[in-house]
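Chains as they are written, first to last, in the working numbering: chain A, 1 to 557; chain B, 1 to 488.
The set of hints was computed from the structure by calculation and includes no laboratory data. For clarity, every value in this text was computed on a predicted model and none was experimentally measured. Backbone N, C-alpha and C fix where the C-beta goes; we use that ideal spot for every residue, glycine too. One thing to keep in mind: the hints can contain errors.
The following label-pair restraints were derived from C-beta to C-beta distances [stated by the list, open to error]: (1) B:Lys-472 / A:Ser-502: 33 to 39 Å; (2) A:Ser-127 / B:Ala-130: 34 to 40 Å; (3) A:Tyr-435 / B:Arg-475: 51 to 57 Å; (4) B:Gly-276 / A:Pro-437: 56 to 62 Å; (5) B:Asp-393 / A:Pro-437: 31 to 37 Å.
List time: in silico PhoX-like cross-link candidates among lysine-lysine, alpha-carbon distance up to 25 Å [what the hints assert, rightly or not]: (6) A:Lys-319 / A:Lys-242; (7) A:Lys-186 / B:Lys-172; (8) B:Lys-425 / B:Lys-391; (9) A:Lys-186 / A:Lys-317; (10) B:Lys-189 / B:Lys-100; (11) B:Lys-451 / A:Lys-431; (12) A:Lys-108 / B:Lys-100; (13) A:Lys-171 / B:Lys-172; (14) A:Lys-170 / B:Lys-189; (15) A:Lys-178 / B:Lys-172.
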Amino acid sequence: EASGIGRDHPCGSFPTHNTLRFCEALALLPGCGQAWGLTLPTVSHYRLFPKALGRLVAALGVRELHLALTQGFWRTRYWGQPPLQAPAGAELWVWFQPTVTDVDKAWKELSNILSGIFCASLNFIDSTNTVIPTASFKPLGLANGTDHHLLRYAVLPREVVCTENLTPWKKLLPCGSKAGLAVLLKAERLFHSSYHSQAVHIRPICRDASCLAVSWELRQTLTVVFDFFSSGQGKKDWSLFKMFSRTLTDTCPLASQSKVYVDISPKNKEKELLEVSPAPTSVHEAIVQGDKKTYAVYDLLSPSLFNTSRSLNVQLKWKRPQDTEMPIPTLHAQRYVGGYGLQTGEICTLIYNTHPYRAFPVILLETVPWYLRLYVHTLTIITKGKENKPSYIHYQPAQDRRRPHLLEMLIQLPANSVTKITIQFERALLKWTEYPPDPNHGFYVGSSVLSALVPSVTAMKDMDVEQSPLFASLFPSSDGSSYFVRLYTEPLLVNLPTPDFSMPYNVICLTCTVVAVCYGSFYNLLTRTFHVEEPSRGGLAKRLANVIRKLRGVPPL
Amino acid sequence: MAVVFGPGSVPGDLPRPLPFRDVQEMEISVNLRTSVTSRYEMRFRSTTAQEEAALAAATAREADAALHPLQNTALGSLTMYVLPETSSLLPQGTNVYVGKHRSALVRAGGSLAALQARLREVTQVMSFTASSIAAALSDRVPDGQLSPDARRYLKSSLGYEITFSLLNPDPKSHTVDWDIEGAVNRYVKPVLDKLSLVANFSVDSQILYYAVLGVTPRYDKESSSFLLSAHSLPHVINPVEARLGSSAASLYPVLNFLLYVPEHSHSPLYIQDKDGAPVSTNAFHSPRWGGIMVYNVEAPASPQASLPLHVDVDMARVMEVFLAQLRLLFGLSQEEVPPEFLLESPGNEGLADWELDHLLWAHTVENIATVSTTLTSLAQLLDKIGNIVIKDDVASEVYRAVASVQSAVTELSLGHLHGAFQASKEAVTSSERAFFDPSLLHLLYFPDDQKFAIYIPLFLPMAVPILLSLAKIVRETRLRKKEPTKMD
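Input sequences plus hints: build the corresponding full structure.
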């Protein structure tokens with residue numbers, strides 16, 4: 001049922017991130033990526049699989065569903081390659097079955113129901129933020145045929161993830177938060193972190209090695225980054241108790257596998273700089289994302305673990321302080337908005353390939369809302385001072401208030417290079433009812449997606465799937481020389497020209513005042529009674545003279 | 001309704017020679033403005049040769065089976081076979097035998113009046129009674145006049161979802177297995193196939209771990225068991241309910257049937273009724289929600305037996321209870337049957353044909369009442385907001401609902417139960433679609449008081465001169481009244 005990993009990175013300010021993963025169905029076997037003629041099972045009797053999701057999958061003809069809710073941004077440059085990254089906010093991508101006739105309707109219904117299940121505002125997914133990528137997202141489970149018209153992809157960068165999203169997520173686990181690793185997941189600790197990403201992946205997989213029957217697999221992953229360097233007085237030591245303010249006491253009795261992995265990979269071939277306590281059940285070596293990793297494994301199901309002490313509190317201590325930099329990941333990216341003023345602007349994306357001698361292609365997916373009008377003729381891709389022509393471009397222009405821009409490109413990244421992609425845009429004027437609350441905050445543009453097969457520095461051999469940590473198995477590598485990476489860049493915040501929203505009321509006020517003043521004088525004119533005035537008592541001079549005479553005590557004129 | 005006189009059973013005081021027709025009407029008043037008229041059209045005739053042969057069977061059950069192919073099989077129709085006073089077909093002491101289908105064997109009561117009184121009782125059991133109509137129209141019955149049972153019945157709906165949940169609060173001690181798929185196919189499906197005329201049903205099941213009841217049971221030293229008293233049962237469901245999972249994918253009401261395997265530390269667990277006696281089925285039901293059954297695991301023979309204990313649930317025992325609860329929730333319990341009645345058990349289908357009719361009558365009446373309520377509240381909404389926009393499709397749904405409900409009433413008065421039920425279902429669908437149309441949201445319309453507030457900058461300065469001149473007029477009239485005394 002569950003396997004967990006606690007990894008340790010001796011990098012600058014983020015020495016630790018801890019990844020805990022839960023998965024209900026286990027066997028993912030390499031080499032059964034194709035299953036022709038196998039029908040997806042329809043289930044109505046559930047044992048471990050949560051019924052709410054199962055019914056959803058059956059009712060709407062879903063083939064594959066990937067939902068991630070994320071708070072914060074994964075800083076690839078400093079934290080290294082993420083095991084499973086997700087863009088800030090909410091991300092949902094779904095493959096539907098070919099039997100679904102109206103995919104858009106099913107997609108709308110699905111996002112509405114998911115928003116109910118996960119208490120997230122996924123109901124804001126509509127045609128203006130949904131795209132149909134052609135190359136970036138392939139089914140991760142069994143698939144016969146990849147007709148991309150059955151795919152829908154949407155990102156809501158504005159979504160705020162909090163406790164109310166975590167509770168329904170925990171409820172999907174067979175043991176809930178009552179037993180097993182999920183006992184650690186207390187909201188007050190998890191959201192006191194630098195990065196929090198929870199995800200649900202549903203896909204069809206082979207039931208066994210012969211692959212004669214298909215099962216549904218549900219993977220629930222949770223990635224949290226704790227910053228111990230800044231909160232722990234400069235010390236990078238951590239323990240389960242320090243992170244979650246509780247320890248592990250038992251396993252979920254339904255779990256067939258329940259493990260904690262701690263990354264204790266030695267850096268720079270030096271002697272081991274860190275020590276874990278208590279002694280791990282075993283040590284596992286694996287090649288994860290092109291890097292040789294050593295994991296201390298705590299198998300919670302092994303009876304010896306809880307024999308000596310009643311609870312397990314994994315601790316990691318550094319033997320001596322050290323500041324070795326994290327190795328820079330082979331592929332990372334950066335994105336920002338350029339330009340000035342409120343009329344035009346420029347989106348710049350920088351993609352870094354730090355591999356010393358290998359070039360590799362990367363697919364870039366860019367989704368831009370319709371109110372930023374992209375000028376495709378200004379698209380420039382420059383690598384090492386020369387223009388880099390993409391070998392594949394798919395561009396779907398936006399339609400106002402109907403659909404966003406979609407730009408997909410396959411770009412070759414030469415070894416040890418930086419590729420700069422710029423495209424200019426014009427900001428559209430929205431109708432005054434289309435502005436969200438607090439429009440001066442700016443408008444989010446979702447992260448762009450980079451998918452690549454990154455050549456690995458270390459040669460990889462076939463891994464023992466049973467042994468390897470679960471997070472490594474969602475994207476099995478096709479051959480030993482490269483591994484799959486999907487990265488998300490920063491979401492952008494763009495200011496649009498915003499009108500003065502109080503103007504209509506000001507106009508009403510002003511007009512009303514003018515009308516009221518006119519009305520008042522006119523009314524006065526109409527209703528006043530005129531009298532013939534008696535001849536005046538003299539001019540101003542006479543009156544003044546009278547005042548002076550009065551002061552002098554002389555009778556007036 | 002056909003009343004068939006067997007040989008030797010014709011009462012002497014028949015008004016006309018057989019065959020003839022008779023109509024009986026009775027008004028059931030629900031509240032001051034709603035009443036339902038029940039109208040029985042009776043056709044009196046004597047038996048045919050085939051029926052006579054069938055009635056010559058040895059037992060009532062065989063006669064019922066033999067008579068079935070000879071009957072009118074339309075929904076809502078009834079056939080009564082009147083047997084001579086001395087007939088041995090019915091056991092001693094019973095005067096009426098109600099069969100599995102739409103017929104009954106009735107012992108002739110001597111005079112026609114006695115027979116008619118008996119027939120009236122039979123028709124009320126087999127079609128509907130004032131109380132079953134009142135239950136269907138429970139929204140309109142004034143409070144306090146309704147029997148507590150009436151609130152138990154499920155509201156009429158186009159579909160129902162039935163969820164069987166196995167609650168295992170202690171997976172460390174028990175690994176529980178249940179063959180729910182087989183049990184559903186064997187016990188539940190025949191019933192639902194029969195009920196499919198009433199609504200669409202979907203069945204699913206789930207196993208929930210670490211799901212505990214909301215009440216800690218009391219330990220009873222005498223029986224060394226744990227007890228749940230009747231008054232604590234209402235608190236049992238709430239914490240479980242949160243785990244059951246809402247039916248996000250459909251809008252139909254959900255019927256929950258929970259099988260609870262108590263924790264090892266709370267076993268065995270028994271439910272007590274109001275008098276403190278243990279409930280024999282160890283189960284209870286919650287009105288319009290479903291039922292819960294407690295399934296105790298036998299203690300292991302030796303105390304050293306290793307945990308977890310493997311438990312295989314006896315599905316026959318469980319399903320018997322759940323099906324009885326299902327019948328209860330649909331209002332199919334036969335509690336008010338007079339003592340001289342003998343009811344044939346419906347067998348594997350769990351439901352006799354006439355019970356299905358019983359359900360259809362009630363649901364048709366309820367649907368018609370629902371549609372009229374929905375359309376009335378829609379009309380009230382339109383009265384409240386004068387400038388609401390009714391789109392063409394909403395209007396056509398309303399017209400369709402009205403037309404369907406009218407045709408349902410007509411069909412009902414003609415006794416065409418099936419047609420009436422279908423029309424009432426269409427009426428419900430159309431009226432709900434019209435009522436819940438997103439364009440008819442109350443909040444979409446700008447309230448008048450706020451419009452006034454926006455124009456305050458206009459109204460206020462304009463009011464000032466008017467008010468001042470009013471004050472001036474008042475002052476002047478007052479002055480003018482005083483003036484005459486001052487003049488001169």
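Cross-check of the supplied hints:
{"no.": "1", "hint": "B:Lys-472 / A:Ser-502: 33 to 39 Å", "result": "holds, 37 Å"}
{"no.": "2", "hint": "A:Ser-127 / B:Ala-130: 34 to 40 Å", "result": "violated, 55 Å"}
{"no.": "3", "hint": "A:Tyr-435 / B:Arg-475: 51 to 57 Å", "result": "holds, 52 Å"}
{"no.": "4", "hint": "B:Gly-276 / A:Pro-437: 56 to 62 Å", "result": "holds, 60 Å"}
{"no.": "5", "hint": "B:Asp-393 / A:Pro-437: 31 to 37 Å", "result": "holds, 32 Å"}
{"no.": "6", "hint": "A:Lys-319 / A:Lys-242", "result": "holds, 18 Å"}
{"no.": "7", "hint": "A:Lys-186 / B:Lys-172", "result": "holds, 23 Å"}
{"no.": "8", "hint": "B:Lys-425 / B:Lys-391", "result": "holds, 23 Å"}
{"no.": "9", "hint": "A:Lys-186 / A:Lys-317", "result": "holds, 24 Å"}
{"no.": "10", "hint": "B:Lys-189 / B:Lys-100", "result": "holds, 18 Å"}
{"no.": "11", "hint": "B:Lys-451 / A:Lys-431", "result": "holds, 22 Å"}
{"no.": "12", "hint": "A:Lys-108 / B:Lys-100", "result": "violated, 48 Å"}
{"no.": "13", "hint": "A:Lys-171 / B:Lys-172", "result": "holds, 19 Å"}
{"no.": "14", "hint": "A:Lys-170 / B:Lys-189", "result": "violated, 34 Å"}
{"no.": "15", "hint": "A:Lys-178 / B:Lys-172", "result": "holds, 12 Å"}
This entry does not satisfy hints 2, 12, 14, going by the numbered hints stated previously.
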